[in-house]
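Sequences listed follow chains C, Z, E and H, in order.
Take the first sequence: its position 345, counting from 1, is numbered 870 in this note's numbering, and each next residue is one higher.
Take the second sequence: its position 364, counting from 1, is numbered 889 in this note's numbering, and each next residue is one higher.
Take the third sequence: its position 259, counting from 1, is numbered 784 in this note's numbering, and each next residue is one higher.
Take the fourth sequence: its position 176, counting from 1, is numbered 701 in this note's numbering, and each next residue is one higher.
These are calculated hints, taken from the structure and not from any lab test.
Incorrect hints may have been included.
Pairs count within a copy or across copies, as identical chains cannot be separated in the list.
Stated by the list, open to error - Here are the simulated SDA-like pairs of lysine to any residue, each with C-alpha atoms no more than 25 Å apart in a straight line:
| id | residue 1 | residue 2 |
| --- | --- | --- |
| 1 | Lys-817 | Asp-836 |
| 2 | Lys-621 | Val-863 |
| 3 | Lys-807 | Val-549 |
| 4 | Lys-574 | Ser-813 |
| 5 | Lys-698 | Asp-886 |
| 6 | Lys-817 | Val-676 |
| 7 | Lys-712 | Pro-702 |
| 8 | Lys-807 | Pro-618 |
| 9 | Lys-684 | Leu-816 |
| 10 | Lys-855 | Thr-594 |
4 protein chains.
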Amino acid sequence: MKKLQLLIVTSLLCFGSVVAQQNVNNVQLELKQPIQRKNIRIPDIEGFKTLKGDFHIHTVFSDGLVWPTIRVQECWAEGIDVMAITDHIEYRPHKKHIKDGHNQSYNLLVNEAKKNNIILVKATEITRDMPPGHLNALFITDAEAMDKLKVEDAFEAVKKQDGLMLWNHPGWKAQQPDTCLIHEVHKKLIKEGLVQGMEVMNYNEWYPLVLQWCIDYNLAVFANSDIHGVSGYVYDVKNAHRPMTLLFAKERSQKGVREAIGSARTIAWFDQQLAGPEDLVKQLFEASVTLKPVFHSDEKFVYRELCNNSDIQFSFVNETKDNGAPHAFKLEPGKTIVIRLNKDANAFNVTIDNCHTGMSDKLQVSLM
Amino acid sequence: MKKLQLLIVTSLLCFGSVVAQQNVNNVQLELKQPIQRKNIRIPDIEGFKTLKGDFHIHTVFSDGLVWPTIRVQECWAEGIDVMAITDHIEYRPHKKHIKDGHNQSYNLLVNEAKKNNIILVKATEITRDMPPGHLNALFITDAEAMDKLKVEDAFEAVKKQDGLMLWNHPGWKAQQPDTCLIHEVHKKLIKEGLVQGMEVMNYNEWYPLVLQWCIDYNLAVFANSDIHGVSGYVYDVKNAHRPMTLLFAKERSQKGVREAIGSARTIAWFDQQLAGPEDLVKQLFEASVTLKPVFHSDEKFVYRELCNNSDIQFSFVNETKDNGAPHAFKLEPGKTIVIRLNKDANAFNVTIDNCHTGMSDKLQVSLM
Amino acid sequence: MKKLQLLIVTSLLCFGSVVAQQNVNNVQLELKQPIQRKNIRIPDIEGFKTLKGDFHIHTVFSDGLVWPTIRVQECWAEGIDVMAITDHIEYRPHKKHIKDGHNQSYNLLVNEAKKNNIILVKATEITRDMPPGHLNALFITDAEAMDKLKVEDAFEAVKKQDGLMLWNHPGWKAQQPDTCLIHEVHKKLIKEGLVQGMEVMNYNEWYPLVLQWCIDYNLAVFANSDIHGVSGYVYDVKNAHRPMTLLFAKERSQKGVREAIGSARTIAWFDQQLAGPEDLVKQLFEASVTLKPVFHSDEKFVYRELCNNSDIQFSFVNETKDNGAPHAFKLEPGKTIVIRLNKDANAFNVTIDNCHTGMSDKLQVSLM
Amino acid sequence: MKKLQLLIVTSLLCFGSVVAQQNVNNVQLELKQPIQRKNIRIPDIEGFKTLKGDFHIHTVFSDGLVWPTIRVQECWAEGIDVMAITDHIEYRPHKKHIKDGHNQSYNLLVNEAKKNNIILVKATEITRDMPPGHLNALFITDAEAMDKLKVEDAFEAVKKQDGLMLWNHPGWKAQQPDTCLIHEVHKKLIKEGLVQGMEVMNYNEWYPLVLQWCIDYNLAVFANSDIHGVSGYVYDVKNAHRPMTLLFAKERSQKGVREAIGSARTIAWFDQQLAGPEDLVKQLFEASVTLKPVFHSDEKFVYRELCNNSDIQFSFVNETKDNGAPHAFKLEPGKTIVIRLNKDANAFNVTIDNCHTGMSDKLQVSLM
């Protein structure tokens, strides 16, 4: 040790105390992963603000594997505006270790959410066999009240607290392996206005039939992660994204979110697939993609830019024969391509192959 | 065409409703993030297997933010061979919610580690003011025994259980803001053989002076993450890596790990910096980098490939004047560059700028 | 062969002729690199459209290594609006193989540029020893006229064709190894209005002193690539970009570009460094970065989002002591961070460390 | 200017002359794209060295868009060992500008290839209507001799020069839109030993039927890029790769390459598809993938690592029912997965779905 102390004194003479000590005692190396919030570019539509939501998230307080705090950090970094922690009422495998009640995960997060400008919807997951299966109760005030023997009593409690429900993963094979049916109980809950939405996408699954139900019953579509582990290990959060429910809200607030759900103004988005009511999907497409005016022409062709201002990828199928445009092409997020059209082309009708507006319907657009 | 239509009809008979229903009920979309274990390429050295370790990891059972299970998943995916959960004895901010004892995080993991071929070292972090600061007790059998009022009694318990200790982040400014000193207690513990290593890298910090101590006292150097949140949100685990302790072990087992630590056969690695004893660093460099024979020559020059077989980046400074090679260059992981040398060059001595072999020493190599 | 034909016939029976032949004869695999135009997000400033230009590009018609066509493809894909091919008059190492005159590279490109909506400025590089060094003549009509023995005659030809010139890489060590001086010839050309700009960035070099000259003489700053090889092999065109001259133009046209240069309304941009006149840099910063209103407050702090709407990274140094904000931080392209300020903080003055407004000046902004 | 020079002198006093002048005159910014050679990890097989080749490349000397030099740079950076420039004899659209003869592109490259340790095979492309279509003549000595009116005379010249030929893209729809046939001329050339291989992959196309021909006739399979533009703009050279012909050679030399082709010891590789003779594909798979011994077992299962030491991705389909392993999974380059097998499983037979060993055959492997 003496030799060492001598060395330090010597080095002080050469470089000056502050610098030398900094360099020898403690050097800050680079963390290559700065946590900043990704601004996902999805345009607003006429009269509404576009919000991104995930309404199905677990923590260690049910069968999730992370502390609630991590969930706000994830949502914030991934560009999400509104989230709901939906720990199971009936399934709590860590209960031996974590004994708190059903409101605890929310209580631990509420302040963290505020500091990060995240709208936190108080929620829980009622978790039963089919029917009725799993339902998320949103906008509740006390999750303890949903801890009932009879599921009808849990529903009653949601109603009393002025909450609403969404039906989770109706096409999940574990609960409907051979069928995908709406049961009487669901019809009743829809009729009463207690169920106001369904997941058409959950985790990595998507249910075209459920989209059709939402359109037929005028319910909000949802795309939720149902995340149990770490989001960045399940989804490629850098180059892709978790399932997200796009909400078209009058304002960025709890009230705005609830009104958008109640009015079925949502679109489900995951893995470059959009699913929702035709008018909304069309408005979002048109706010995202522009076929610009002719910038050049020669004897045979006119040239126009097709520009994508959003972070959504669109897949085009050209339905007009012999207009000179390619048969099928993808337009990547934030990119532009040049479309060459025959001078005498008088139509450019396309199917947007990744925009689902019904069980077997896709968005049809006339680009000219 | 008629024949074809017939064929399609036939196929409907074969596959029929199931296929159709599958598509409408439940479509599997793509998760872009398959969890597979990254094989980090770091060559073995003569007589020893190179293992990658992280000996400083927290969970919700102290002040971490994830359930223990996540820690095995992270380590496995990131290519780590040996890990230690080191939840604090004295600092448990989630205690209100999680009441289990100090062995619980280990107990929850031990089977998960076995199934993933990860060597799990039983451990805990003794967490005191400086001196003695924070020390990780490794290879213990019962962490409850370290829960003592007097730190000396905790050390005694480690000794009784035949454990060993490493001194964490000696250059941490929160505990030594203006100095970086070894105290009498540390010298005593080293002398007794109870402290067998020190962290020269922790989180994003690196302490050149501590490297010098390890070399002078013949202790194992460690680079540990001290991770509290999610590894992939702190480090770029795809293109970079967490701090890792490279161990040169006689076998891939608990026994092999312990023997390597006891023999100070380790190198610290983070953010393209290596720190350790000169002989080990040199052996690792030479196992990783090869200057191949002349493959071409002309009137003035000979041409040779300099090839990096490892996932470590090396930064070269050419110390031989006028040998024709560039003054400074980096050799990326798994890459090759062509070195052009003067025909009459008779030396190619380099400093490897990112290979630290002492407080202010870097690896010197003669490449010819 | 007979056996094979038999196999095909058999397979026809199973799968139908068209499908079978497609699959067996020719399968389209995936090219992972679709060429689409990147829309670089740099906002317009009040009254002007922001264009991206590169005014220094070579082809095989001088000492470049690609056919002119590639240059339009590169510029288009990289989001460039205006480009100039500046093949050397005096240095044509491929002349033995390519005998065409000095207008050929432009002629081969003019139609390709039109089809891709790229503004192609006709240009050439006058390539002499220092002084005067290398100058790009822009907006010329016939490059042959610059092929003169005496450089004064070349300048005269530029003037006659109503062109203008920019002085290339004044800080290039090959021509000014120990100095960086303006010579009399440059002062004369500036006075005459023939030189209207200088490169403050070229390839990977940046010349702070030349920025000072541009500001003192009111000349346009340029950042050009001087590319000879393939752009994507020199620059990381996916995650970063080539040097670009940002022009603030009244319209997206040749006329608009020329007026912006003549009015010195340009900023140089490369490797996250911006260099230009203070008023322009400030306007661009303010169009890119927004400190949003308080969204949350508690006893001690207010919370505000700092949002970057551009593809430029900004490095902040907090110059106000004790206002609660961090000392230094980077704001990545398209990202948001939360700024926590003391409730009683009444200033938030920052230096934008990567925004150069003079030889040793950086942009100063008051964020509150 | 005087004011400026004063400023410099002032700054000298503060910081010292060298540093100040460097910083003000010329700062080196970072090029984010260092050109280093990627070492593609494909293991050797018993008795042979695995080389990577591309035998179909164009330059400005026919209808390519880059100078020959770029081609060596690309191949070197992409990890290719052996390349052939195959400029068309009959199609030279730039002839108006570039008048040199058919040997010029080779002559310009031969030294550049030597300096980069690339094996450059002298070659040309005989470019005719079908039949015979396009054929690359390799290992020739004078491409001028292939410039003949009658294609038979060109073939004769190849023979005289002791060259050999490969038949390019036999499934190309431009030449065989509705069929994919071997013509009499091809059969004759194969019989004579002049045609020793065929492209089973070209650009982004793959021809399963042609693979079958190669196997039936015992010819070498080729995967070539047929690159005309810039490789990095067509292929994702960072995360993926161009089509490559894997050669299993006795030595890394012209001689070794020729012997491997003559012995049909090649495999075609592109977009995660391998195509070749069963014995070679199997040897390559077995050199790449290892199912390691049991590292853990419990009551029901044994656990084993399946490890991929190569940069090739493999897609597994489990053909053994009820052995506990998943039905289908991908093993990424350089990754490991854990396979859990039933304790009583006595077989683990898999189809490697991306390894083609015939028109409709895939590699079958027994992993236990």
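Evaluated hints:
| no. | hint | result |
| --- | --- | --- |
| 1 | Lys-817 <-> Asp-836 | both (19 Å within a copy, 23 Å between copies) |
| 2 | Lys-621 <-> Val-863 | neither (61 Å within a copy, 29 Å between copies) |
| 3 | Lys-807 <-> Val-549 | between (61 Å within a copy, 22 Å between copies) |
| 4 | Lys-574 <-> Ser-813 | both (14 Å within a copy, 21 Å between copies) |
| 5 | Lys-698 <-> Asp-886 | within (23 Å within a copy, 33 Å between copies) |
| 6 | Lys-817 <-> Val-676 | neither (55 Å within a copy, 45 Å between copies) |
| 7 | Lys-712 <-> Pro-702 | within (20 Å within a copy, 56 Å between copies) |
| 8 | Lys-807 <-> Pro-618 | neither (44 Å within a copy, 46 Å between copies) |
| 9 | Lys-684 <-> Leu-816 | neither (47 Å within a copy, 41 Å between copies) |
| 10 | Lys-855 <-> Thr-594 | between (38 Å within a copy, 24 Å between copies) |
Hint check: violations occur at hints 2, 6, 8 and 9; the rest are consistent with the structure.
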